[in-house]
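Trainee: Turn these sequences into a full structure, and let the hints guide you.
Chain by chain, the residues:
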Amino acid sequence: MKAPLLQAVGLTKTYPGGVRAVDRIDLEVARGETLGIVGESGCGKSTTAKMLLRLVDADAGAVAFDGVNITKVRGKALRQLRSRLQVVPQDPRTSLNPRLTVGSSIGFNLRVHGVGRADRSARVPELLDRVGLDPAYADRYPHEMSGGQLQRVAIARALATGPDLVVCDEAVSALDKSVQAQVLNLLAELQRDLGVAYLFISHDLAVVEHIADRVAIMYLGRVVEQGPASSLWSDPRHPYTKALLSSVPGRGGARTVLRGDPPDPASPPSGCGFRTRCPIAEERCAHDVPALLAPSGTAADGHRVACVKEAVA
Amino acid sequence: MTTATGTRGRPATTDKERATAGRPAGADSSRDAGPALAVEHLTTVFTRSGGDVPVVRDVSFEVAPGGTLVLLGESGSGKSVTARSILGLYGAGARITGSVRLDGREILGGDMRALRGPHLALVPQDPAGALDPLRGIGSQLVEVLRTHGVCESRAQARERALELLALVGIPHPARVARSRPHELSGGMRQRAVIAIAVACDPRVLIADEPTTALDVTVQAQILDLFAGLQSRLGMALILVTHDVGVAEQLGGGIGVMYAGRLVESGPAAQVLRDPRHPYTAGLLAALPTPGAERGSLAVLPGRPPATGEDFPGCPFAPRCARAVSACVQVPPGLEPVVVRIPEPPSEDGALAPARVPEADAADETSARVRRAACPVVAADGATPSVTGAAVPVADDASGSSDASDASDASDASDASDASEAVVR
Numbered sequence: 001m002k003a004p005l006l007q008a009v010g011l012t013k014t015y016p017g018g019v020r021a022v023d024r025i026d027l028e029v030a031r032g033e034t035l036g037i038v039g040e041s042g043c044g045k046s047t048t049a050k051m052l053l054r055l056v057d058a059d060a061g062a063v064a065f066d067g068v069n070i071t072k073v074r075g076k077a078l079r080q081l082r083s084r085l086q087v088v089p090q091d092p093r094t095s096l097n098p099r100l101t102v103g104s105s106i107g108f109n110l111r112v113h114g115v116g117r118a119d120r121s122a123r124v125p126e127l128l129d130r131v132g133l134d135p136a137y138a139d140r141y142p143h144e145m146s147g148g149q150l151q152r153v154a155i156a157r158a159l160a161t162g163p164d165l166v167v168c169d170e171a172v173s174a175l176d177k178s179v180q181a182q183v184l185n186l187l188a189e190l191q192r193d194l195g196v197a198y199l200f201i202s203h204d205l206a207v208v209e210h211i212a213d214r215v216a217i218m219y220l221g222r223v224v225e226q227g228p229a230s231s232l233w234s235d236p237r238h239p240y241t242k243a244l245l246s247s248v249p250g251r252g253g254a255r256t257v258l259r260g261d262p263p264d265p266a267s268p269p270s271g272c273g274f275r276t277r278c279p280i281a282e283e284r285c286a287h288d289v290p291a292l293l294a295p296s297g298t299a300a301d302g303h304r305v306a307c308v309k310e311a312v313a
Numbered sequence: 001m002t003t004a005t006g007t008r009g010r011p012a013t014t015d016k017e018r019a020t021a022g023r024p025a026g027a028d029s030s031r032d033a034g035p036a037l038a039v040e041h042l043t044t045v046f047t048r049s050g051g052d053v054p055v056v057r058d059v060s061f062e063v064a065p066g067g068t069l070v071l072l073g074e075s076g077s078g079k080s081v082t083a084r085s086i087l088g089l090y091g092a093g094a095r096i097t098g099s100v101r102l103d104g105r106e107i108l109g110g111d112m113r114a115l116r117g118p119h120l121a122l123v124p125q126d127p128a129g130a131l132d133p134l135r136g137i138g139s140q141l142v143e144v145l146r147t148h149g150v151c152e153s154r155a156q157a158r159e160r161a162l163e164l165l166a167l168v169g170i171p172h173p174a175r176v177a178r179s180r181p182h183e184l185s186g187g188m189r190q191r192a193v194i195a196i197a198v199a200c201d202p203r204v205l206i207a208d209e210p211t212t213a214l215d216v217t218v219q220a221q222i223l224d225l226f227a228g229l230q231s232r233l234g235m236a237l238i239l240v241t242h243d244v245g246v247a248e249q250l251g252g253g254i255g256v257m258y259a260g261r262l263v264e265s266g267p268a269a270q271v272l273r274d275p276r277h278p279y280t281a282g283l284l285a286a287l288p289t290p291g292a293e294r295g296s297l298a299v300l301p302g303r304p305p306a307t308g309e310d311f312p313g314c315p316f317a318p319r320c321a322r323a324v325s326a327c328v329q330v331p332p333g334l335e336p337v338v339v340r341i342p343e344p345p346s347e348d349g350a351l352a353p354a355r356v357p358e359a360d361a362a363d364e365t366s367a368r369v370r371r372a373a374c375p376v377v378a379a380d381g382a383t384p385s386v387t388g389a390a391v392p393v394a395d396d397a398s399g400s401s402d403a404s405d406a407s408d409a410s411d412a413s414d415a416s417d418a419s420e421a422v423v424r
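Which chain is which? The protein sequence lines are A and B, in order. Numbered by the working numbering, the letters in the first sequence go through residues 1 to 313 in order. Numbered by the working numbering, the letters in the second sequence go through residues 1 to 424 in order.
Certain hints may be false.
[Said to hold, decoys possible] Have a look at the derived ranges for each label pair, beta carbon to beta carbon: (1) Gly162(A) / Ser139(B): 55 to 61 Å; (2) Gly91(B) / Pro98(A): 55 to 61 Å; (3) His182(B) / Pro16(A): 52 to 58 Å; (4) Asp301(A) / Asp310(B): 41 to 47 Å; (5) Gly91(B) / Ala118(A): 51 to 57 Å; (6) Val53(B) / Arg117(A): 40 to 46 Å; (7) Ser270(A) / Arg135(B): 43 to 49 Å; (8) Gly162(A) / Val53(B): 56 to 62 Å; (9) Pro98(A) / Pro301(B): 41 to 47 Å.
[Said to hold, decoys possible] Far from chain A by the CB rule (all over 12 Å, computed), these chain B residues: (10) Val45; (11) Ala94; (12) Cys151; (13) Arg303.
[As the list claims (entries may be wrong)] Example chain B residues on the side facing chain A (calculated, C-beta under 8 Å, incomplete): (14) Gly50; (15) Asp52; (16) Val53; (17) Ser75; (18) Leu89; (19) Gly91; (20) Gly93; (21) Leu225; (22) Gly245; (23) Pro290; (24) Leu300.
Rather than coming from a laboratory, the hints here were simulated on the basis of the structure. Keep in mind the model is a prediction, meaning the values are calculated, not measured. Ideal Cβ positions, reconstructed from N, Cα and C, are used throughout, including at glycine.
Mentor: If you want it as structure tokens, here you go:
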């Protein structure tokens, strides 16, 4: 495997009130690849993204971006970092300034990163064209555009600084399915042409399966399983992953319907966080937090699972 | 049901009612056997100062007692407005025309307040917004039971409230009854809302995106709950969703909406496996499926017309690869399509193995007939090479138990309907 573009080790965040949103997670994203992060609400996937983007400071752990620890960078260095590390948020209607034309919004990101006026006015039409919008749209305001078009603008804005990694936080979740397909195709095309890596956060398993090379499944602030998308979908090992995949409606096959709701992150259960809903939990699950290890009987493809009943000891 | 005449079409429906009267008793034998809810030519126009905005256009469907109908569509397709128009939730700002009959009785324009609760009930998308944040769940249930006269005394109502909470799978009913909405998880809140909705044993339950705000593992629980409640209470379910997977899971009948119109209807399993209307086909093709090459999802060009936008012909024509010149001139009616691949009715539920079998037994009145609002597609089905293998298009629910019994006459009339649609 190539040296990772981004590597997070032991990342932890506890919010006031004792809510442990993210608990010692490790992640890696290689250049030009897509890492999908899947989990239900409250599992810590957005907090993870914010820590990687340095929008929230981690309590513990470190993030290396292109070999440099970025957990402590400030000021000019942080701004420079952000030109290489961009985000496409879920809802472009709230993330784009309603009083700026979309051209100005894209140009603003360039201005912040020191691109002069003349270069900006040349780059904006290029970027709009790149995401499949008529360059004439630069003069439009967000309220004059559809959700799909706005998400293209948000992508153009993220690409403006030539980033190495774009964090897509539920970037297609608010879109209608027919529009979602257009945006997913666009993201794939941009990755092919520009070699940008994505950290793709979504609760939609079908979308993640489609777009991601590797996937991390999160539950209650921890990664419970990760590996290549293909082996996770064909051979899920963690009982939560199994239940999650079988809960997708219309997928067919035997369904495992979990009992109850995810526990409150402010008072997580001892040991394995999933044991309160786990159909195969045993007494030992209450004692130790299971480590993320290679499951028994798999190829060495990086598949890891945090379950005492699946991992090779 | 049929929109062929363009007017009210009452005689045809009366015929159908007669035909369905002989339907074998389904899940609910206590009430008569016609459709629980029949919607005809429903049109909802929002009257704004800038002019009228038509949002639902000429929508017709039926739901059998205990049956299921999913209204599937993207945002702005008019699916939620259809549901809310049936419930009479719009005031003076909306002009609603057509017909909505509950057990054969016209309810449109009547006293909806008396019908909501014991006859029609709503499960909205956002349970947090549907509950009073300052009062306990139990007290809100008691209020419903007392207001509609289900329970004589307050003590009785309290007891019934606990039973209802248990019915919807809430683990500690007494504790939850004392809880305020913010103390419950999203899934538990939605269960509480469902308990309130079914408190008066409604004839028809209308659920508007009831699982959209929920996580997928909790969504699976709620979908199972609906199926269980239907089989236990015999209520019909109209579920509005944008999620193809949810539609597939629930089974029953499906109506696909686009730009305020119903563009395709039929048994969900068949429509989703073998869509006929080009919009349905395009929508399904756009979904990421296992094995689809990245970056090569099929894409529908363009976008839907803006809400209320006027178009003379088929609203989908500008995006449709199969559109012919007639498509942009005449709005197509929802006409029967000939189904080429025979499918034994027993396979209908094959995609929803976790479904409660009793719920499947309830016949879906309009769910048996496949219809599409597309003359081009209707012409496909009528080609002689395929009609030989065609399953007769049954015109009512009785077709499910004995498809072979569907009379030649009805078959012929369907064929002529289709060809008529082509001519127009």
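Trainee: Which of the listed hints are not met by the structure?
Mentor: 2, 3, 4, 7, 8, 9, 13, 14, 15, 16, 18, 19, 20, 21
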